[in-house]
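Asker: Sequence:
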Amino acid sequence: MRRTFLTTLVVILSAFVITADAYAARNSKAEESHDLAITNISAPSSSVQGDTVSVAVKVANQGNCSESFIVRLIDVTNGKEIGTKSVALSAKDQGEKDADVIFTGETDGKQSFGAWLTVGDVNGDKYDDLLVSATLYNNEQGRVYLYYGGRDMDNKADKVFTGENTGDIFGSGGGYLADMNKDGFDDVIIGARNFSNRGRVYIYWGAPNMDEKADIIIEAEPGVTGSGFGRELAVGDVNGDGYKDLIVSAPLFENNKGRAYLFYGGNPFDTTIDKIFTGENTNDLFSHTVCASADVDGDGCDDLLTGTRFWPKGFESNKTGTGRAYLFYGGPGTTMDEACDLYFDAENPGDEFGSGVDLFDVDKDGYADVIIGARRWNRNQGRVYLYWGSDRTNMDNKPDLYFDGEIDAKAEFSSGSIKGGYANKDKYGDIIVPAFDYYQYSKQGRAYLYYGNTKASMDTICDHTFTPDGTQNMTWIARIGDFNGNGYGDIILGGHRYNNYQGRCWLWYGGFEPSSTDVTFNWDTTRASVGEHTLKAEVSPVAGEEDKADNIKTIMVNVKSKAKEK
Numbered sequence: 006m007r008r009t010f011l012t013t014l015v016v017i018l019s020a021f022v023i024t025a026d027a028y029a030a031r032n033s034k035a036e037e038s039h040d041l042a043i044t045n046i047s048a049p050s051s052s053v054q055g056d057t058v059s060v061a062v063k064v065a066n067q068g069n070c071s072e073s074f075i076v077r078l079i080d081v082t083n084g085k086e087i088g089t090k091s092v093a094l095s096a097k098d099q100g101e102k103d104a105d106v107i108f109t110g111e112t113d114g115k116q117s118f119g120a121w122l123t124v125g126d127v128n129g130d131k132y133d134d135l136l137v138s139a140t141l142y143n144n145e146q147g148r149v150y151l152y153y154g155g156r157d158m159d160n161k162a163d164k165v166f167t168g169e170n171t172g173d174i175f176g177s178g179g180g181y182l183a184d185m186n187k188d189g190f191d192d193v194i195i196g197a198r199n200f201s202n203r204g205r206v207y208i209y210w211g212a213p214n215m216d217e218k219a220d221i222i223i224e225a226e227p228g229v230t231g232s233g234f235g236r237e238l239a240v241g242d243v244n245g246d247g248y249k250d251l252i253v254s255a256p257l258f259e260n261n262k263g264r265a266y267l268f269y270g271g272n273p274f275d276t277t278i279d280k281i282f283t284g285e286n287t288n289d290l291f292s293h294t295v296c297a298s299a300d301v302d303g304d305g306c307d308d309l310l311t312g313t314r315f316w317p318k319g320f321e322s323n324k325t326g327t328g329r330a331y332l333f334y335g336g337p338g339t340t341m342d343e344a345c346d347l348y349f350d351a352e353n354p355g356d357e358f359g360s361g362v363d364l365f366d367v368d369k370d371g372y373a374d375v376i377i378g379a380r381r382w383n384r385n386q387g388r389v390y391l392y393w394g395s396d397r398t399n400m401d402n403k404p405d406l407y408f409d410g411e412i413d414a415k416a417e418f419s420s421g422s423i424k425g426g427y428a429n430k431d432k433y434g435d436i437i438v439p440a441f442d443y444y445q446y447s448k449q450g451r452a453y454l455y456y457g458n459t460k461a462s463m464d465t466i467c468d469h470t471f472t473p474d475g476t477q478n479m480t481w482i483a484r485i486g487d488f489n490g491n492g493y494g495d496i497i498l499g500g501h502r503y504n505n506y507q508g509r510c511w512l513w514y515g516g517f518e519p520s521s522t523d524v525t526f527n528w529d530t531t532r533a534s535v536g537e538h539t540l541k542a543e544v545s546p547v548a549g550e551e552d553k554a555d556n557i558k559t560i561m562v563n564v565k566s567k568a569k570e571k
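The working numbering puts the first residue of the sequence shown at 6, with every later residue one more than the last.
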């Protein structure tokens with residue numbers, strides 16, 4: 006009996022050692038990884054003998070170290086080398102050591118600094134400013150910090166906003182910067198979902214030197230308690246009158262069925278509820294995610310998108326929701342109604358579709374595109390769906406592109422706030438997607454940046470990743486903004502669990518050197534034999550590279566006789 010027990014104990018300890026060693030190896034790999042890949046090769050399917058054939062090879066650096074290497078193109082049919090090119094690419098992954106500014110909670114202990122981020126220009130100096138929430142500050146009283154952008158942006162807060170009472174959870178997922186009164190300065194909007202068990206929203210007018218005193222206070226629906234009013238905020242011009250309108254979520258309304266409230270903007274801004282949108286079922290948490298920042302159907306009015314990741318059966322014990330998202334078209338005057346215009350549904354039960362939502366014009370066609378995350382797709386791998394925007398006649402709810410989390414990470418890709426923005430200077434909308442558990446079970450996060458393009462050219466290959474150091478940082482929220490005014494979008498990532506919930510944010514200035522490029526070879530077929538030719542592109546492995554399977558790609562080109570063509 007004793008021997009059996011000892012044998013079992015040894016097996017368990019051995020498994021633990023193997024797991025620990027694997028985890029250590031994985032972290033070591035995260036610190037320095039080398040991984041080159043050929044992601045695509047293209048060429049005309051046929052040519053005439055004597056023509057020059059253009060062969061395009063797309064190479065990518067998927068590691069976190071800058072690399073210099075050789076790309077070769079070989080005609081496998083006769084064994085001849087067509088050409089070689091030298092290539093240098095920057096690291097795909099930006100780590101903590103690459104961050105330009107690091108922001109940390111003001112004291113040790115549970116602050117949850119970085120629980121929410123938002124970007125805008127509060128003081129009108131043409132530099133984006135940063136708003137950071139610390140929802141657990143002083144026993145959940147909550148505090149929100151404003152950092153002015155500039156060429157030499159620092160990590161010292163310029164303005165500090167504090168909740169009224171302990172337990173208010175001031176800044177709890179509800180923070181926004183937008184110009185509500187059309188004076189040219191973005192205003193600070195902050196929710197406190199637990200204020201007096203009812204919730205409250207505060208608006209502070211922006212100015213060259215604004216103060217921390219609320220100018221407008223918005224109360225929850227009369228007679229309603231425990232709704233979480235102020236849990237999420239969204240801003241957009243849904244009636245096209247030139248004033249920004251405010252949407253306030255209350256996902257706990259009526260046994261977690263959920264509601265969203267629309268307040269039309271104007272001068273002056275009033276606090277009367279103009280429209281109410283309500284969830285379908287108990288425990289759906291309708292409006293847990295909301296967005297109203299752009300116009301999907303091109304009618305000049307912004308639209309409302311809200312996610313309900315626990316639809317249709319709620320969040321029962323040890324179960325996850327399937328999820329649904331709802332699109333409500335805006336309209337002039339007060340014509341917008343509370344009936345959903347288009348539903349978006351999950352692929353599978355348990356996906357938690359709607360865990361993140363955004364509206365942004367990725368392909369620059371004038372229609373905002375619908376972006377929806379499902380953090381538990383494929384057993385927590387996570388997936389993001391993109392639906393091209395269009396006029397109402399042609400808009401549908403069939404996904405056009407899929408962005409998947411890393412297959413071995415189970416990272417809950419799209420676990421938090423998905424956001425569009427402009428990271429480079431090509432004017433196509435780009436997408437930043439966080440995954441708070443990149444190293445499975447360690448809660449170490451990562452964010453993924455995808456550059457936008459035309460419908461025909463847009464791919465789903467991640468262009469850059471951002472990976473702060475340390476476990477338990479739970480980086481679930483990311484934003485794009487130009488804080489230093491150089492024309493490139495900067496990446497800001499929040500990790501509210503860093504250092505036992507003290508919290509930390511990391512800022513990487515934009516203008517990243519490319520981590521992928523197209524290499525073109527011109528193949529002279531004058532001496533090539535007639536018939537099928539297999540062309541092989543390969544990159545020489547670099548020191549420390551483990552995954553070499555994707556260093557080679559081939560393509561077939563049929564060389565036809567010139568005489569026959571005549």
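What the hints contain is simulated information worked out from the structure, not anything from laboratory work. Given the structure is predicted, the values throughout are model-derived calculations rather than measurements. Even for Gly, the Cβ is constructed at its ideal location relative to N, Cα and C. Hints are not guaranteed to be accurate.
Unchecked claim - Computed beta-carbon distance windows for the label pairs: (1) ILE557 to VAL53: 44 to 50 Å; (2) SER71 to VAL165: 23 to 29 Å; (3) PRO337 to ILE75: 47 to 53 Å; (4) ASN527 to ASN505: 30 to 36 Å; (5) ASP552 to ASN272: 32 to 38 Å; (6) THR44 to TYR493: 55 to 61 Å; (7) ASP405 to ASP103: 54 to 60 Å.
As the list claims (entries may be wrong) - Restricting the straight-line Cα-Cα distance to at most 25 Å, the calculated cross-link-like pairs of lysine to aspartate or glutamate (DMTMM-like) are: (8) LYS187 to ASP216; (9) LYS187 to ASP113; (10) LYS558 to ASP523; (11) LYS102 to ASP184; (12) LYS63 to ASP552; (13) LYS280 to ASP216; (14) LYS460 to ASP552; (15) LYS403 to ASP350; (16) LYS558 to GLU537; (17) LYS403 to ASP368; (18) LYS430 to GLU111; (19) LYS164 to GLU217; (20) LYS218 to ASP350; (21) LYS430 to ASP366; (22) LYS164 to ASP80; (23) LYS187 to ASP159; (24) LYS369 to ASP523; (25) LYS432 to ASP216; (26) LYS567 to ASP523; (27) LYS63 to GLU537; (28) LYS553 to ASP366; (29) LYS448 to GLU37; (30) LYS460 to ASP370; (31) LYS63 to ASP80; (32) LYS369 to ASP346; (33) LYS567 to GLU145; (34) LYS218 to ASP80; (35) LYS541 to ASP80; (36) LYS430 to ASP474; (37) LYS369 to GLU343.
Asker: Is the Cα-Cα distance between LYS558 and GLU537 25 Å or less?
Answerer: 16 Å, holds
Asker: Between LYS218 and ASP350, does the CA-CA distance stay at or below 25 Å?
Answerer: 42 Å, violated
Asker: So if I understand the rule, the pair passes when the alpha-carbon distance is 25 Å or less; does LYS187 with ASP216 pass?
Answerer: 18 Å, holds
Asker: For the pair supplied as a hint, LYS369 and GLU343, is the alpha-carbon distance within the 25 Å limit?
Answerer: Violated, because 29 Å separates the two Cα atoms, which is more than 25 Å.
Asker: Kindly confirm whether 32 to 38 Å is satisfied by the beta carbon distance between ASP552 and ASN272.
Answerer: Given a distance of about 58 Å, which is not inside 32 to 38 Å, the answer is violated.
Asker: Given the hinted pair LYS403 and ASP350, is their alpha-carbon gap at most 25 Å?
Answerer: Satisfied, since the Cα-Cα distance of roughly 9 Å is no more than 25 Å.
Asker: Taking 25 Å as the top limit, are the C-alpha atoms of LYS63 and ASP552 close enough?
Answerer: With a Cα-Cα distance of about 17 Å, the restraint between LYS63 and ASP552 holds, given a limit of 25 Å.
Asker: Does ASP552 lie within 25 Å of LYS460 when you go C-alpha to C-alpha?
Answerer: 31 Å, violated
Asker: Taking only the CA atoms, is the gap from LYS63 to ASP80 under or equal to 25 Å?
Answerer: 18 Å, holds
Asker: Are the Cα positions of LYS541 and ASP80 separated by 25 Å at most?
Answerer: Distance of about 6 Å is within 25 Å: holds.
Asker: With the threshold set at 25 Å, check whether the alpha-carbon distance from LYS403 to ASP368 stays at or below it.
Answerer: The hint holds at about 17 Å.
Asker: Taking the CB of SER71 and the CB of VAL165, does the distance hold inside 23 to 29 Å?
Answerer: Given range 23 to 29 Å: violated, Cβ gap about 39 Å.
In terms of the numbered hints stated before, the structure departs from hints 1, 2, 3, 4, 5, 6, 7, 9, 11, 13, 14, 18, 20, 22, 23, 25, 26, 28, 33, 34, 36 and 37, listed from lowest to highest.
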